[in-house]
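Protein chains in written order, with the UniProt record's numbering: chain A, 1 to 414; chain B, 1 to 414.
FYI, nobody ran anything at the bench for these hints, they're computed from the structure.
It cannot be assumed that every hint is accurate.
For chains that are exact copies, the list does not tell them apart, and a pair is met inside one copy or across any two.
Result set (DSBU-like, lysine-lysine): computed pairs, CA atoms no more than 30 Å apart in a straight line [what the hints assert, rightly or not]: (1) K388 / K27; (2) K403 / K230; (3) K277 / K134; (4) K362 / K404; (5) K168 / K404; (6) K134 / K388.
2 protein chains.
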Amino acid sequence: MISVKEAKNIVLNSTQDFGVEEIPFIKSVGRILKEKIFADRDFPPFNRVSMDGIAIDFQSFKNGQRGFKIEGIQAAGSEQITLQNSNNCIEVMTGAVLPNNTNSVVRYEDVTIENGMAILNIDAINNAQNIHVKGKDGGIGDLLIEENTIISAAEIGVLATVGKSYVKVAKQPKVMIVSTGDELVGVDEIPLEHQIRRSNVFTLVSLLERLHIPSETAHITDDKSVLKAKIESYLQEYDVLLFSGAVSKGKFDFLPEVLDELGVEKLFHTVTQRPGKPFWFGQKFFPSKNDENSDKYTVDKYQMNTIVFGFPGNPISTFVNCLAYFYPWYYKSVGVEVEEETVILGGDVSFKPNLTYFLQVKLERENGLLTAFPISGNGSGDLASLVKTDAFIQLPSDKTEFKKGEVYPIIRYR
Amino acid sequence: MISVKEAKNIVLNSTQDFGVEEIPFIKSVGRILKEKIFADRDFPPFNRVSMDGIAIDFQSFKNGQRGFKIEGIQAAGSEQITLQNSNNCIEVMTGAVLPNNTNSVVRYEDVTIENGMAILNIDAINNAQNIHVKGKDGGIGDLLIEENTIISAAEIGVLATVGKSYVKVAKQPKVMIVSTGDELVGVDEIPLEHQIRRSNVFTLVSLLERLHIPSETAHITDDKSVLKAKIESYLQEYDVLLFSGAVSKGKFDFLPEVLDELGVEKLFHTVTQRPGKPFWFGQKFFPSKNDENSDKYTVDKYQMNTIVFGFPGNPISTFVNCLAYFYPWYYKSVGVEVEEETVILGGDVSFKPNLTYFLQVKLERENGLLTAFPISGNGSGDLASLVKTDAFIQLPSDKTEFKKGEVYPIIRYR
Numbered sequence: 001m002i003s004v005k006e007a008k009n010i011v012l013n014s015t016q017d018f019g020v021e022e023i024p025f026i027k028s029v030g031r032i033l034k035e036k037i038f039a040d041r042d043f044p045p046f047n048r049v050s051m052d053g054i055a056i057d058f059q060s061f062k063n064g065q066r067g068f069k070i071e072g073i074q075a076a077g078s079e080q081i082t083l084q085n086s087n088n089c090i091e092v093m094t095g096a097v098l099p100n101n102t103n104s105v106v107r108y109e110d111v112t113i114e115n116g117m118a119i120l121n122i123d124a125i126n127n128a129q130n131i132h133v134k135g136k137d138g139g140i141g142d143l144l145i146e147e148n149t150i151i152s153a154a155e156i157g158v159l160a161t162v163g164k165s166y167v168k169v170a171k172q173p174k175v176m177i178v179s180t181g182d183e184l185v186g187v188d189e190i191p192l193e194h195q196i197r198r199s200n201v202f203t204l205v206s207l208l209e210r211l212h213i214p215s216e217t218a219h220i221t222d223d224k225s226v227l228k229a230k231i232e233s234y235l236q237e238y239d240v241l242l243f244s245g246a247v248s249k250g251k252f253d254f255l256p257e258v259l260d261e262l263g264v265e266k267l268f269h270t271v272t273q274r275p276g277k278p279f280w281f282g283q284k285f286f287p288s289k290n291d292e293n294s295d296k297y298t299v300d301k302y303q304m305n306t307i308v309f310g311f312p313g314n315p316i317s318t319f320v321n322c323l324a325y326f327y328p329w330y331y332k333s334v335g336v337e338v339e340e341e342t343v344i345l346g347g348d349v350s351f352k353p354n355l356t357y358f359l360q361v362k363l364e365r366e367n368g369l370l371t372a373f374p375i376s377g378n379g380s381g382d383l384a385s386l387v388k389t390d391a392f393i394q395l396p397s398d399k400t401e402f403k404k405g406e407v408y409p410i411i412r413y414r
Numbered sequence: 001m002i003s004v005k006e007a008k009n010i011v012l013n014s015t016q017d018f019g020v021e022e023i024p025f026i027k028s029v030g031r032i033l034k035e036k037i038f039a040d041r042d043f044p045p046f047n048r049v050s051m052d053g054i055a056i057d058f059q060s061f062k063n064g065q066r067g068f069k070i071e072g073i074q075a076a077g078s079e080q081i082t083l084q085n086s087n088n089c090i091e092v093m094t095g096a097v098l099p100n101n102t103n104s105v106v107r108y109e110d111v112t113i114e115n116g117m118a119i120l121n122i123d124a125i126n127n128a129q130n131i132h133v134k135g136k137d138g139g140i141g142d143l144l145i146e147e148n149t150i151i152s153a154a155e156i157g158v159l160a161t162v163g164k165s166y167v168k169v170a171k172q173p174k175v176m177i178v179s180t181g182d183e184l185v186g187v188d189e190i191p192l193e194h195q196i197r198r199s200n201v202f203t204l205v206s207l208l209e210r211l212h213i214p215s216e217t218a219h220i221t222d223d224k225s226v227l228k229a230k231i232e233s234y235l236q237e238y239d240v241l242l243f244s245g246a247v248s249k250g251k252f253d254f255l256p257e258v259l260d261e262l263g264v265e266k267l268f269h270t271v272t273q274r275p276g277k278p279f280w281f282g283q284k285f286f287p288s289k290n291d292e293n294s295d296k297y298t299v300d301k302y303q304m305n306t307i308v309f310g311f312p313g314n315p316i317s318t319f320v321n322c323l324a325y326f327y328p329w330y331y332k333s334v335g336v337e338v339e340e341e342t343v344i345l346g347g348d349v350s351f352k353p354n355l356t357y358f359l360q361v362k363l364e365r366e367n368g369l370l371t372a373f374p375i376s377g378n379g380s381g382d383l384a385s386l387v388k389t390d391a392f393i394q395l396p397s398d399k400t401e402f403k404k405g406e407v408y409p410i411i412r413y414r
């Protein structure tokens, strides 16, 4: 038995680099950027008109001129034109290039246009007004997006602007999610009295979907030889195996034994936490996977090890362990630093066992404060209680009384 | 010109019901549940063994018995067996049905098994211990998930458990995103000096993707007749049109005029806010769409109106207006109530214009407090500044000085 902190350290020391792939930028939301994005030109790339109106030579205004003959129109998307007579003006549209020989824009609201003349209705204008000056937001070569950023809609706009129609992102691990337990039947089946439907694998699929990781699922019967044969092939084929169940002390909990026989190194089994205690974690090292010239396996050179997360089969245990261990493991693997989030405990909690307590909470926001109200479920089997809560608050094992107003880390799942 | 509050009210009074569709539950993450989910059986559905160990008749223990002959094994997923002799025991596995004639489970850690006998190592056990009693978490017919819930991984587990392999969710609106502006070229093109690449449509696609709404995109040249012909067909085909650009006072800002000519009712144009002021909003009512027996259009009876959001073309304006107006419109349309989130302002801000100020902020979390630090961009054209921020704080128009420590609403985009 090790502590949650020790377990997390071991997990975080087993991260992997899955390499980089180039994908269409529009498909990259939620993925991790694996290149620096630089400005390919100044932004704006020209002196850009920022209001619809007229462009003039400010010197004429200073000289007292208030009426300007309209020489032409500079539309957005047209090549730059030139003001021929500095006493005249050019009508300009937002987004257009500022015409040559002009240096100030007066918006339509401040002029009256009649008979081809624009007459100012205002007394004061400024030099260079309503112009978004070339390079003001950034110069060519400026770093716009750091490597290892999680790509969101904001980054998509920048990628489009600089012409990154394809973008380098972290490859996702290839994940197989396996359920065991002969009491489990399919979602579309009617269970017999002693059976229940599979649910943990689908919860895990959805939790991985939040990280934009596609996954496959399988169910293996509680038969040691079948389990062994299947896992042997999964170890070859996948980067990560997530198991739900078969890691406790039961007669048919073959998983630790089978993994040992298949050469998967156990890094720990059982963590001082509730729920989720019988968590098994290990890895299999594939020398052949590390050999770029190997022709035995057609695997990527980045896939050095296969990582095995053996989550306990109770629904809440699987759920919280995926969030508390797999998520940080993934983020570190792809190079993302995630800040710990804290919350104010909204009610007193007493918890005697010498275990880290992942307690389900409902979050409430008021005046910039995030408060977590404990919701008591019926233990680790009570899947329906997850619907009523938003997060787990992590209460440390070295205390037994936790008071309203104290601050603790949380793991949110909404 | 109307206020942000009035604009939002008008937008929220123009919501639509897009109807309901039934989809595979595993595809439903992020969608809005449109049925109540009830327990199809008690949970657990039987007296469920919750620890690996032996099941005994507690009366024998009370009578002083400490060694129990092992009669058999009750595995998870096996039909219930019966203890024949109340002085014996049955080995039981987590998840199994509690055998007939037994009423307490002693975990393996607390027994020694030798020669077919299980000998207790502990002095005290409780009646009914380590049994997850039938119906404890919920009874058949209990409401497990409310209608209008946003489906997350937690709900996926419950849907699987109760056998909802298909689930009713809100249909998504059919959305077309249109950019205008002749200065725009494709992402994979090299712009001429007076051109820039399209970016707003892709930002909008990504913002809608967060709501699991698929969308299509188009670019229309600044030609009134082309604009009119295309919009006429889009109004028929889509539930929502999102425009970026062509709503200001420019000579080529034909959109308001064209929409008017096509019978789209203008509900407002220009809002007292910065950025995003020239926002145009309206709707077209289709009598034929309301007539279920109509054979003119093969449209769904739910598609009564087409809603038009005409966002100003500046990148930040489009971005903030999508979050401030389209998002609440969508959530109300599909029946979801969203709480307003507030935050503590992390620095003084002075803003003189009589406008609601959507100011870009970087969020920091500490001790359960969410604080927003203003990041000054270079105005509404500075797309790259969105990469450095997480949210917009909404500062009201009736004040000009905003002090550190005050609380205001925010609109997050990460």
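K277 and K134: within-copy, between-copy, both or neither at 30 Å Cα: Only across copies: K277 and K134 sit 24 Å apart there, 60 Å inside one copy, limit 30 Å.
Within, between, both or neither, where K388 and K27 count as close if Cα-Cα is 30 Å or less: Classified as between: cross-chain Cα gap 21 Å, same-chain 33 Å, threshold 30 Å.
What label fits K362 with K404 when the C-alpha limit is 30 Å: within, between, both, or neither? Result: close both inside a copy and across copies, 14 Å intra and 29 Å inter.
If the cut is 30 Å between Cα atoms, do K134 and K388 qualify within a copy, between copies, both or neither? This pair counts as between: shortest inter-copy Cα distance 21 Å, intra-copy 53 Å.
For K403 vs K230, is the C-alpha pair at or below 30 Å within one copy, between two copies, both, or neither? Answer is neither; intra-copy 48 Å and inter-copy 62 Å both fail.
At most 30 Å between alpha carbons: which applies to K168 and K404, within, between, both or neither? For K168 and K404, neither the intra-copy (46 Å) nor the inter-copy (40 Å) Cα distance is at most 30 Å.
Checked against the numbered hints listed earlier, the structure breaks hints 2, 5; every other hint is satisfied.
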